[in-house]
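Trainee: Residue-level listing of the chains:
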Amino acid sequence: MVEVSLIEQLQRGDIKAFEKLVESTRQRGLNIAYGILQDPQDAEEILQEAYLQVYHHIGQLKAPETFRSWFGKIVTHLALRRAKEKGRFKTIPLEDLPAAGCSITEGPEYFLLKKEKQVHVAQTLKTLPDEYRAALILREWEDYSYQEISEVLDIPLGTVKSRIYCARKLLSKKLIEGGC
Amino acid sequence: MVDVMCCEENVSAYLDGELPPEEALAFEQHLRSCARCRESLNQLQALSGAVQALPRPSVNPWLTAQIMDRLQASQTVSDLPLTRLLRSWGLLSLLAFGALFVLFGPVILGFFSVVVKDFFLLASLVVKISRQVPPGAVNGVTGLALLAGALVAFYGFGRIYATLSQEELIS
Ligand SMILES: [Zn+2]
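Residue numbers (my numbering), protein chains in the order written: chain A, 1 to 180; chain B, 1 to 171.
Be a bit skeptical, because a hint or two may be false.
[What the hints assert, rightly or not] Not the full set, but computed from the structure, chain A residues with beta-carbon under 7 Å of chain B:
(1) R26
(2) N31
(3) Y34
(4) Q48
(5) Y55
(6) A122
(7) Y146
(8) S172
Don't read these hints as lab results, they were simulated from the structure. As the structure is a computational prediction, the values presented were derived from the model and not from experiment. Each residue gets a CB set at the ideal place from its N, CA and C atoms; glycine is no exception.
Just need the whole structure built from these sequences, with the hints factored in.
Mentor: Structure representation (structure tokens):
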């Protein structure tokens with residue numbers, strides 16, 4: 001990873017290294033923030049905040065190779081906090097989530113994507129509970145492993161597995177109900 | 001026959017390449033004979049593809065510059081020797097306040113409750129007394145010292161607040 005040497009330079013106080021680090025990680029950070037907040041402006045504000053925290057707390061990062069999950073954690077926490085403050089999406093209460101083990105009976109043609117379906121998927125994604133959307137976004141958009149997601153969200157590995165499954169389950173259920 | 005393997009949560013984990021190697025192998029074996037799991041896998045795969053294909057905003061090209069600006073702005077303030085001194089004062093005043101509170105907590109609280117309750121009475125008393133004090137150098141200096149003391153105390157509370165709110169940052 002390119003970042004490791006940049007982080008070491010940054011920890012020695014090299015501000016140029018910080019600039020390069022921002023350049024090389026900002027799209028990733030924006031994706032996470034946007035995935036959770038679903039609002040480009042909010043996502044960018046959160047990202048700026050996240051980088052200021054990265055700069056001020058980089059000394060606390062003991063192993064530079066874990067930057068990915070450390071950075072993901074900062075962005076995710078800030079974004080989840082902002083989402084909570086705004087409470088703008090009507091999400092499904094956790095107790096209404098499907099029990100694990102029930103199966104998806106409808107065919108994959110529901111998810112075949114045309115433009116309008118894409119809009120529909122995006123709209124439906126917004127209605128997932130924030131923590132579920134966060135886990136799914138980290139997995140699908142940024143290819144975080146379950147281990148990394150468990151570090152980012154501070155939840156056990158088994159919970160990551162079921163949370164991602166539940167997020168998918170819920171998403172497909174709502175897509176089908178939405179008549180798409 | 002419903003296999004123990006027929007668990008959609010495992011199908012989802014398999015799709016993510018997150019089953020342990022031996023479990024993944026066993027699951028692949030199972031897939032050959034289980035149409036239901038094959039179907040689930042197809043569906044989850046399609047859904048996953050749909051999510052991955054969703055559009056994302058691209059980074060505003062000035063973002064890095066904006067971040068660097070904010071950083072430099074906060075640094076020029078925080079790197080001045082004076083701000084550094086003041087910041088350490090913040091910590092000192094926190095300690096001093098803590099010690100004071102441990103020693104004289106009830107007295108301080110009692111004093112403040114009187115101040116709050118009988119504010120107007122106290123204020124008019126202070127005004128009355130200060131009118132009766134004859135103007136002179138000694139009294140003037142005492143008055144100024146009291147004023148400065150009040151300002152320092154006020155500032156100290158501000159620093160305590162700032163120090164406390166800084167501690168709240170992400171770990
Ligand atoms: Zn099966």
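Trainee: Against each hint, give a clear statement of whether it holds in the structure.
Mentor: Hint check results:
no., hint, result
1, R26, "holds, 5 Å"
2, N31, "holds, 5 Å"
3, Y34, "holds, 6 Å"
4, Q48, "holds, 6 Å"
5, Y55, "holds, 6 Å"
6, A122, "holds, 5 Å"
7, Y146, "holds, 5 Å"
8, S172, "holds, 5 Å"
Consistency with the previously given hints is maintained throughout, with no hint failing.
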